[in-house]
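Residue numbers (the numbering used here), protein chains in the order written: chain A, 348 to 846; chain B, 178 to 335.
Treat each hint with caution, since some may be false.
[Said to hold, decoys possible] To spell it out: a stretch of chain A is covered by chain B in this simulated footprint if at least three of its residues, at any positions, have a beta carbon under 8 Å from a beta carbon of chain B; those stretches are:
{"#": "1", "stretch": "532-546"}
{"#": "2", "stretch": "747-753"}
[Unchecked claim] Covered stretches of chain A (chain B as the covering partner; in silico rule of three or more C-beta atoms under 8 Å from a C-beta of chain B):
{"#": "3", "stretch": "511-525"}
{"#": "4", "stretch": "622-633"}
{"#": "5", "stretch": "789-802"}
If you're looking for bench data, these hints aren't it; they were derived computationally from the structure.
Quick reminder that beta carbons are idealized off the backbone N, C-alpha and C, glycines included.
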Amino acid sequence: MDGFLTSLLGLFSPELFVLAVIGTVGGVFVGSIPGLSGTMLISLCLPLTFYMQPVSAVVLLVAIYTGSITGGLISATLLRTPGTVSNVMTTLDAHPLAIKGKAQRALSLGIAASFAGSIFGWLALAVLAKPLSEVAIKVGTSELFALVILALALISSVSSGSMLKGLLMGAVGILLALPGVDPTTGVSRLTMGMWQLNGGFHILPVLVGIFAVAPILGDILDLDRRPQETQYRHSRKFLVSLGDLKRFWKVIARSSVLGTIVGILPGVGGNVASVVAYTSARVLSKKPEEFGKGSEEGIVASESANNASVGGALIPLITLGIPGSVVDVLLIGALMMHDIAPGPMLFITNAPVAWTLVTTLLVSSVLMLITMIYATGPISRLIGLPKQGILPVILVFCVVGVFATTNRMFDVWIMLAFGVFGLVFERAKFPMAPLVVGFVLAPIAEKSLRSGLMATSGDIVMFLTKPLSIVLLLASAVLFVWPIVKAARDWMARPANES
Amino acid sequence: MSQEASEDALFLEITLTVFLIVVGCAAFIVARPIPDNAFEPLGAGFAPRAISLCLVGLGALNLAVRAAAVRGHIGRARGGDINRRLIDAASVLVLTCIYVWIVLEKAIPFTFSTGLFVTASMAVLFRNLRRVPIFAGVGLALGYALKLASSTVFFVDI
Numbered sequence: 348m349d350g351f352l353t354s355l356l357g358l359f360s361p362e363l364f365v366l367a368v369i370g371t372v373g374g375v376f377v378g379s380i381p382g383l384s385g386t387m388l389i390s391l392c393l394p395l396t397f398y399m400q401p402v403s404a405v406v407l408l409v410a411i412y413t414g415s416i417t418g419g420l421i422s423a424t425l426l427r428t429p430g431t432v433s434n435v436m437t438t439l440d441a442h443p444l445a446i447k448g449k450a451q452r453a454l455s456l457g458i459a460a461s462f463a464g465s466i467f468g469w470l471a472l473a474v475l476a477k478p479l480s481e482v483a484i485k486v487g488t489s490e491l492f493a494l495v496i497l498a499l500a501l502i503s504s505v506s507s508g509s510m511l512k513g514l515l516m517g518a519v520g521i522l523l524a525l526p527g528v529d530p531t532t533g534v535s536r537l538t539m540g541m542w543q544l545n546g547g548f549h550i551l552p553v554l555v556g557i558f559a560v561a562p563i564l565g566d567i568l569d570l571d572r573r574p575q576e577t578q579y580r581h582s583r584k585f586l587v588s589l590g591d592l593k594r595f596w597k598v599i600a601r602s603s604v605l606g607t608i609v610g611i612l613p614g615v616g617g618n619v620a621s622v623v624a625y626t627s628a629r630v631l632s633k634k635p636e637e638f639g640k641g642s643e644e645g646i647v648a649s650e651s652a653n654n655a656s657v658g659g660a661l662i663p664l665i666t667l668g669i670p671g672s673v674v675d676v677l678l679i680g681a682l683m684m685h686d687i688a689p690g691p692m693l694f695i696t697n698a699p700v701a702w703t704l705v706t707t708l709l710v711s712s713v714l715m716l717i718t719m720i721y722a723t724g725p726i727s728r729l730i731g732l733p734k735q736g737i738l739p740v741i742l743v744f745c746v747v748g749v750f751a752t753t754n755r756m757f758d759v760w761i762m763l764a765f766g767v768f769g770l771v772f773e774r775a776k777f778p779m780a781p782l783v784v785g786f787v788l789a790p791i792a793e794k795s796l797r798s799g800l801m802a803t804s805g806d807i808v809m810f811l812t813k814p815l816s817i818v819l820l821l822a823s824a825v826l827f828v829w830p831i832v833k834a835a836r837d838w839m840a841r842p843a844n845e846s
Numbered sequence: 178m179s180q181e182a183s184e185d186a187l188f189l190e191i192t193l194t195v196f197l198i199v200v201g202c203a204a205f206i207v208a209r210p211i212p213d214n215a216f217e218p219l220g221a222g223f224a225p226r227a228i229s230l231c232l233v234g235l236g237a238l239n240l241a242v243r244a245a246a247v248r249g250h251i252g253r254a255r256g257g258d259i260n261r262r263l264i265d266a267a268s269v270l271v272l273t274c275i276y277v278w279i280v281l282e283k284a285i286p287f288t289f290s291t292g293l294f295v296t297a298s299m300a301v302l303f304r305n306l307r308r309v310p311i312f313a314g315v316g317l318a319l320g321y322a323l324k325l326a327s328s329t330v331f332f333v334d335i
């Protein structure tokens, strides 16, 4: 409790509070512009955080994360284009409501639900993080290896696109993590004679390439697509009453719980959370026919779930060092640049950082509420800015940011290569989340496996004698084998269908 | 998504899967000579060899599934204009590579190279040459601000 209060008070120091405000407002703004995302802004800010104290870096990045999830609500409502993938389900009902002339009502409901979901996710994080990390400390190498394998299996299975493509991208991510001098034996591997790869691929150019350069190139390809705008005049009237709270509390509570649980699952973020909550709300609703035509329940379910997933996703990051969502991969990247390893020891070795993750979510949720109530009007005018003028500027920031951090032009080339790689593979509907999760988790998995085997002189049975690791490995095996069996069955069935 | 667009995505997916299989094979060949050692059961070469084999296997499976789907499309006439925005994206990418090379070689001072890059990219994307002075102004201001920030904040000489 002392750590929590100290961290909360520390957040009101001028430097950290300004960073929290900048991050939240920046996140809301970027999240509201279709094509730009919080992930992109966080990627761009990673080089900047290298020059900050770890606590300041965490404040900025978590604030952007919180703001961007909600910011997408604005364009989802006014343009029928979700600002971020987490707002896809919101679009289905918020935009029809806006067309009926109730844009202010749709936005107010979305903002209130976002705040409620965010606070619920924070509560789960605050209550569960420390006790779970105390349990996680007792996890041995075999269990950690099994857990990482499960995380990889889960993210590959649940990510968008086919499961087989998810597994394929997970394997690519792991392969990308392997080049460099092996830390155990000192042997150089997969460097192809390039001394620059002796330390492996630096995490920053990989992440900036995939999450910033690739979307920029993708945005250029989609420049001619014009979103359908609605007439909207902003007023500061917050059209949510206590009666609404009474009416929607069940939807909010259920969606927040679902959002938090989905958030906890490794690699699965707000997009899946909102789909699950929206679907359950429609199934349990008394007026399911209204969903997709301007249902207020639909907006509330989607927004409370995607915001609750933020807190949920931070739980595995703090307790196990496993990313709960793609944005968490970037947070891990930021911490790694400061030589901080997220995981069960975080509360012991870097308690201020761990508590700052918890308290920033609370403060940035409140700041997000204020920003959304007062700044929706100006932001709604800014989302029409021509992207032709923004994209080249962001590209320059990517180049300078990566160079300033690593001080090597080689990494800038790597960033561009990953940008093209990300663009091409995303166009073919290959999911990028398994790739980045595989890239981050592969070293942990390999290290746990090899050190575990060294301790038992190569006896693999160690992994099959501990109950937790057996359960986790069995679950992973099911997740890995199922898509392969399904693909094989499809392949065998297809010629018969065609003939 | 239109049928033509989904066909394009399917062909792209197959091409990329073949590319990944080639990468997997290449990684396996490169990882094969990595020596095993006495004090450690697995050795440094185990993970690259195992993962590259996984990549080849998964790629082959995906290829088999998608090849069956594409069978019906082969031979169908494929028309349509080349997406103009594809050319824009390729142009901006080429401009970025030239920009990075110029910054690397320090052929032109950073402020001017940034100004030139931003001007050229915006001219390509807006398809409007009359606004070039505005683009140049934005680019030069950005270049100057970044030069100042990198030298005073990051202590990096660009």
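Problem - Non-conforming hints, listed in increasing numerical order - result: The structure breaks only hint 4.
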